[in-house]
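We have chain W; now place chain S onto it with these hints.
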Amino acid sequence: MSDKLNFHYDVDGENFTSAGQASVSVKKNLRQLGVDAEIIRRISIAMYEGEINMVIHAGGGVADVEVDDTGVIIILSDKGPGIADVELAMQEGYSTAPDGVRSLGFGAGMGLPNMKRYTDEMIVDSVVGEGTTITMKVNF
Amino acid sequence: MTVNELLTVDGFEAVTVPDGDREMNGCYIGDLLSWVMGRAKADNAWITIMSNINIVAVASLADVACIILAEGVEVDSSVRETAEAKDVNILSTKLPAYETAVLLNKVIL
Chain W
1 MSDKLNFHYD VDGENFTSAG QASVSVKKNL RQLGVDAEII RRISIAMYEG
51 EINMVIHAGG GVADVEVDDT GVIIILSDKG PGIADVELAM QEGYSTAPDG
101 VRSLGFGAGM GLPNMKRYTD EMIVDSVVGE GTTITMKVNF
Chain S
1 MTVNELLTVD GFEAVTVPDG DREMNGCYIG DLLSWVMGRA KADNAWITIM
51 SNINIVAVAS LADVACIILA EGVEVDSSVR ETAEAKDVNI LSTKLPAYET
101 AVLLNKVIL
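Chains W and S, in that order, give the protein sequences. Everything in the first sequence is counted per my numbering, starting at 1 for the first residue and increasing by one. Everything in the second sequence is counted per my numbering, starting at 1 for the first residue and increasing by one.
Please keep in mind that the hints were generated in silico from the structure rather than gathered at the bench.
Subject to a maximum C-alpha distance of 16 Å in a straight line, what follows is the list of computed EDC-like cross-link-like pairs (lysine to aspartate or glutamate):
#	chain 1	residue 1	chain 2	residue 2
1	W	137	W	66
2	W	79	W	14
3	S	86	S	63
4	W	28	S	87
5	W	79	W	64
6	S	41	W	38
7	W	28	W	38
8	W	28	S	63
9	W	137	W	68
So that you can see chain W by itself, here it is in the shape it has in the complex (with noise of 0.2 Å):
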């Protein structure tokens, strides 16, 4: 593959059920372009946190997905209410989800960590009052 491809995803802020459909999507269209099942879930996986994310706190926001013959680019923004203190969102177990999300199963305070294990490098850029740029990047 020589050219970028680009995708880009609207997420739902109101929907649990349709939350996921950016990163099945993109798993999808990286199957077909061939890459390696376990990067592709890798990818998926950080990208599907980055979405619920987006659905618990920010009331949705946009995914853009640019891949190349290096890797993959995810840029995840929202205009929600940022994170105050990253280092510590960034800590496992760290939660400021309400209760109703954590009866779904979610709200666990593992969703920056796995983004941040599952991928090679990742920037948080966060407003408070203003929103959350997070840039993800896997390499082939």
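Quick look at chain S alone, frame taken from chain W:
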């Protein structure tokens, strides 16, 4: 052992098995979805009592071989239909999670 072969073992029932030839290589037990995505390995059987629609996405993205609903937990028809459409195998058992894992260990290895 494949998912179809597991279904021949007493105690396991099919909820939907669109990809029964899938091989299993072990299991992971958990109900917190991010723990499952962080810790389960590809081709594991995932034992859980969580039954909402999100388990289908988690199983698909984490690339587990199947979901096994323990303790006789049931899912809505919408979960079953989504799983079928996404090629996600769901089995059920009346056994608790631990006993399910013990049985799996006997039959998979």
